[in-house]
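Produce the entire structure from the sequences given, and follow the hints as far as they go.
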Amino acid sequence: MSINPLEAHELYHACNPEDLAFATTAELEDLTDTIGQDRALEAIDFGVGIKHDGYNLFVLGSTGIGKHFIVTNELQKRAQQSPVPSDWCYVNNFSEYHKPKALELPAGMGKALRDDMAQLVDDLQNAIPASFRNDEYRTRVQEINEEFDERQQSAFDKLNEEAKSRGIAILRTPTGYTLAPLRDDETISPEEFESLPQEEQEKIELAIRELRDKLRDTIRQIPTWQKEYRQKIKQLEQEVSELTVDLLLKPLLEKYKTQENVVNYIGEVKVDVVKNVDEFRSSEEEEPAALLGIKTKKAKSPEYSPYHVNVLVDNSETKGAPVIYEDNPTYLNLVGRIEHLSQFGTLLTDFTLIKPGALHKANGGYLVLDVRKVLMRGFAWEGLKRALSSHEIRIESLEQMLSLVSTITLEPEPIPINVKLVLTGDRMLYYLLNEYDHEFARLFKVAADFSEDFDRSTDNTRLYARLIASLQRREKIRDFDAGGVARVIEQCARRAEDGEKLSLHMGNLVDLLHESDYWAGQDDSKVVSAHHVQNAVDKQIYRRDQIRSRIQESIQRGIRMIDSTGEQIAQVNGLTVMQLGEYSFGAPSRITATARLGEGEVIDIEREVDLGGPIHSKAVMILSAYLADHYARNCPLSLSATVVFEQSYGMIEGDSASIAELCALLSAISSVPIKQNLAVTGSINQLGHVQAIGGVNEKIEGFFDVCDTRGLTGEQGVIIPRANIKHLMLRYDVVDAARQGKFHIYPVETVEQALELLTGLAAGEPDEEGNYPADSLNGIVQTRLDELNELRLEFAAKAKGETIIETTS
Amino acid sequence: MKPHREAKVLQILLALDAASHNVDALQTAISLASQLQAELIGLFIEDMDLLRSANLPFASEIVAESGEERLITTDYIERALRAWSTQVQAQLTREARKANIKCTFRTVHNRRIETLLSETGESNLLIISHSRHQLFTPIRKSDVVYLLFDGSSEAHHGVAIASEMALKGLQHVVLIDSCSGEVEYSAKKAADWLTRHGVHVLTQKLQGDPDKSLPPLLKKYPAALLLVPAHFPSQQAPDILVKLQNKLNCPVVIVR
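Here the protein sequences come in this chain order: A and B. Mapping the first sequence onto the numbering used here, position 199 (from 1) lands on 199, and the numbers just tick up by one. Mapping the second sequence onto the numbering used here, position 115 (from 1) lands on 115, and the numbers just tick up by one.
No wet-lab data here; the hints were simulated from the structure. From a predicted model like this one, the values you see are computed outputs, not experimental measurements. We put the beta carbon where it would ideally sit given N, CA and C, even for glycine. Accuracy of the hints is not assured; some may be wrong.
[What the hints assert, rightly or not] A few chain A positions that, by computed beta-carbon distances, are all more than 10 Å from chain B:
(1) 175
(2) 210
(3) 544
[As the list claims (entries may be wrong)] FRET-style restraints, in silico, Cβ to Cβ:
(4) B/107 with A/147: 35 to 45 Å
(5) B/65 with A/346: 51 to 61 Å
(6) A/275 with B/219: 26 to 36 Å
(7) B/239 with A/275: 47 to 57 Å
(8) B/65 with A/243: 30 to 40 Å
(9) B/65 with A/147: 34 to 44 Å
(10) A/267 with B/98: 49 to 59 Å
(11) B/65 with A/281: 27 to 37 Å
(12) B/37 with A/267: 54 to 64 Å
(13) A/147 with B/167: 31 to 41 Å
(14) B/167 with A/275: 41 to 51 Å
(15) A/96 with B/202: 50 to 60 Å
(16) B/167 with A/243: 35 to 45 Å
(17) A/147 with B/202: 36 to 46 Å
Shown next, in the form of structure tokens:
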């Protein structure tokens, strides 16, 4: 059988600018819909629409594919149709100060309540002192004063009268009172008293004793009168303050009468104001506490007032449901925080220092997070899951959560949460979370799987052109002409590694547009044309391909040994791809094999030294199975073989070189040389079928570059799996060389086809007994394996001391 | 006779005794002395009745704060009075220094408030504090000067003093008309004179016995002090000053 090389047009799926039907992108309408992501969009639609627990979304796809932009766009479209969620506020809890209360209010009412309460405090600060300055209050206080004044005075007056009537005077001392007998309005001296008759003396002493007891009783009543006085004053103050407060609260109660929680709160405010009315009556600033002789003001947050309303979430300006993206999803940024003020080494806080997190802001709407960022921030993932599982946002410091501190801090009332969480991330993270986090599957039931590429149909190509136009206008760069657009489309097919597909990687597409525009600018061009795009591609490669250049140089200088002409036994040009960041390139790699008498093992040297990955090892075992199946069905395989990638000092993984390894091995067994002007890539199965591989374009270009640098002979080329034809989007120079017959790409479906190309011999078909023609490659291999088998038997017999009787046929 | 154009006060006598509430009187005296640029003389009164009664065999004291009883002697009372006078003297000196006024002190042994009048000497004003047991703090700042006007020259001097006080201290004046019979210059004219000099003035008529009718009048507005002509006590019952001392909530200022 002969295998014909591919035609030039098969090596590159070109985009004809004339098929695009426009001159420049200025003629194209913006593309408003998302293309190529039907599966993901349907999943998003479903995930957003379903209201049951656990139907949060995980949007998966590679970085740069535009997940975040598309998801946010879609969410915003839906959010506009959704109702605006409630405002949330924190207010003082007058009975338990460390447990601020949460108030839910209709959107916009939070700010209104805050402003109304601030105004109320202002009004109270004016009205309460005024109410205690007015004449009515003063008169009533005066009346109470006089009542008690009179009561006390009349008690003393009465005592004075009685004393006077009994000839006794009540005199004041510096610290109290004393009683003295009077004679003619003057007190009696001790001598005069002694001169009085005994009866008179006793009468005076009795009178003084009795009056003294009454005086003592009167004085001891004073504290009781004082207490009664204070109670009356307090009652009066309460009446006056309640009257004033009621007047000011009435309009508020009317305004918020439909909000029961606000009405209750206002009731609590009233009770607290009346209880602390002295705070409003004080016209001077509070005397600051002195510490170490230094007077300082108490540290309070600038907005602190016990009647302040801390508006945590204000949706007055929100249209529809909120769509929030938190770029730095730390634990505190997600669930909120309680801030503190420092004063002399202590930390103080109050409910006005509670700050919202992203969950609060997104409550009633959507929260979009990058899952990698969440996982990299300590405790953020656990905090997020806890909120979703418990359906509430509980603001708790990390120190409290970890029991690192036991000081009193705030415990704000938890706020119920109703949010649709959308995580974005790559596939690996999604599957890892699914595998190792048992809560993940319960909380994120909807996966919106973004496609990496889509079909390059005619319609899709036209849509893609509109996409390019939309991005170009969005990024404010030059218009592209049809040739430029066509070149971009081709490059996106190359990016998709498939001529029949277009990459949906928006990040790379935008970068290409930016860089093409730059080169057009360098060229003083008004539009971006195909050569600007090509320049952008070439320059991008050039910036990244130093390693590739070094490898090529080492090959040219003979440091890395690669033949591109002649023949060698047991040596094949294999092809590898290296991925360095965003850039990948191919390079030939010499694969050699040895074969000798043995017991049927094919040794993969890479695996033996732990430089071979499991897929590579599997591929070598497959080719071992192929050998056995093709050549050793009825007898043991008396062969020991080794296969290795020469001059390879890093990890080898993948099975794309298995056909090359098999060809090298068969060459080693049969001693039939392999053409070195050809390189080969492809994966084989046990039956010898050649399977598709990745990076086919890079691999071909890698060998081409070696041959091209040395000078193309016209005989060189690459053997690839036929299944990879659709993936071909080769460089222009490779396509040109193929067109000119200087380089060839051969598609194969079986190992035999590859062997024929590499050896020039027919592979050979087995007869009914499984024997291959003697002059075919398979026949030569078969013959050699039979020889090895006989040798093995001989050696086995010698070892046992037996002689082998030769048989002749 | 018209009111004096300005108050001519050279000396102010402040009567202080252990029985009275001296704080108001002290503040009034300092304020007056400062406004009128007069010398202030503190007069500490040692009650002879008290000293004599302390020597009686059954003499004891009932403490005002607690009602507890303790025995006393003359020595104890003398020491207490000395301690009290030292304290008050220190306070007065401090306040006088702040107000930049000249202040001296004297101690007298006296029994009756009325006999203080004989101690005035060259002093134009005698300030007597009240002795009501005031356990409740007044809620309004006392800013009204009450003036007992009977048409006498001392009453005219009182008008001038009230005018000075009102204009310098933003105080109002209530003029109590106690004129009887025909007087050359009526209380109404005195009120008009005050008004012309920029003073807010009200006029009230005194009816009946002063010791009964004055206290209710002084309750109408918070009284800073009551200006009384010097001869007024002699025209009334002998113990009028004591009665006023017991019934009023403000110092009484006797004007010569």
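(message) Tell me if the beta carbons of residue 167 of chain B and residue 275 of chain A are separated by a distance inside 41 to 51 Å.
(response) Check passed, 44 Å falls within 41 to 51 Å.
(message) Using Cβ atoms and 10 Å as the threshold, tell me whether residue 544 of chain A really stays out of contact range of chain B.
(response) holds, 88 Å
(message) Verify the CB-CB distance for residue 37 of chain B and residue 267 of chain A against the hinted window 54 to 64 Å.
(response) holds, 60 Å
(request) With respect to the beta-carbon atoms only, verify the hint that residue 65 of chain B and residue 281 of chain A lie 27 to 37 Å apart. (result) Holds - the Cβ-Cβ distance for residue 65 of chain B and residue 281 of chain A, about 29 Å, lies within 27 to 37 Å.
(request) Given the range 50 to 60 Å, decide if the beta-carbon distance of residue 96 of chain A to residue 202 of chain B lies inside it. (result) holds, 55 Å
(request) For the range 49 to 59 Å, tell me whether the beta carbons of residue 267 of chain A and residue 98 of chain B fit it or not. (result) holds, 51 Å
(request) Evaluate the condition: distance from the CB of residue 175 of chain A to the nearest CB of chain B exceeds 10 Å. (result) violated, 6 Å
(request) With 31 to 41 Å as the target window, see if residue 147 of chain A and residue 167 of chain B comply at their CB atoms. (result) holds, 36 Å
(message) If we take the beta carbon of residue 210 of chain A, is the closest beta carbon in chain B still more than 10 Å away?
(response) Non-interface label on residue 210 of chain A holds, nearest chain B Cβ at 12 Å vs cutoff 10 Å.
(message) Quick check on a hinted range of 35 to 45 Å for residue 107 of chain B and residue 147 of chain A, using CB atoms only.
(response) holds, 39 Å
(message) If I claimed the Cβ atoms of residue 147 of chain A and residue 202 of chain B lie 36 to 46 Å apart, would that claim hold in this structure?
(response) Given range 36 to 46 Å: violated, Cβ gap about 26 Å.
(request) Please test the hint of 30 to 40 Å on the beta carbon pair from residue 65 of chain B and residue 243 of chain A. (result) Given a distance of about 37 Å, which is inside 30 to 40 Å, the answer is holds.
Hints 1, 5, 9 and 17, counting from the list given before, are not met by this structure.
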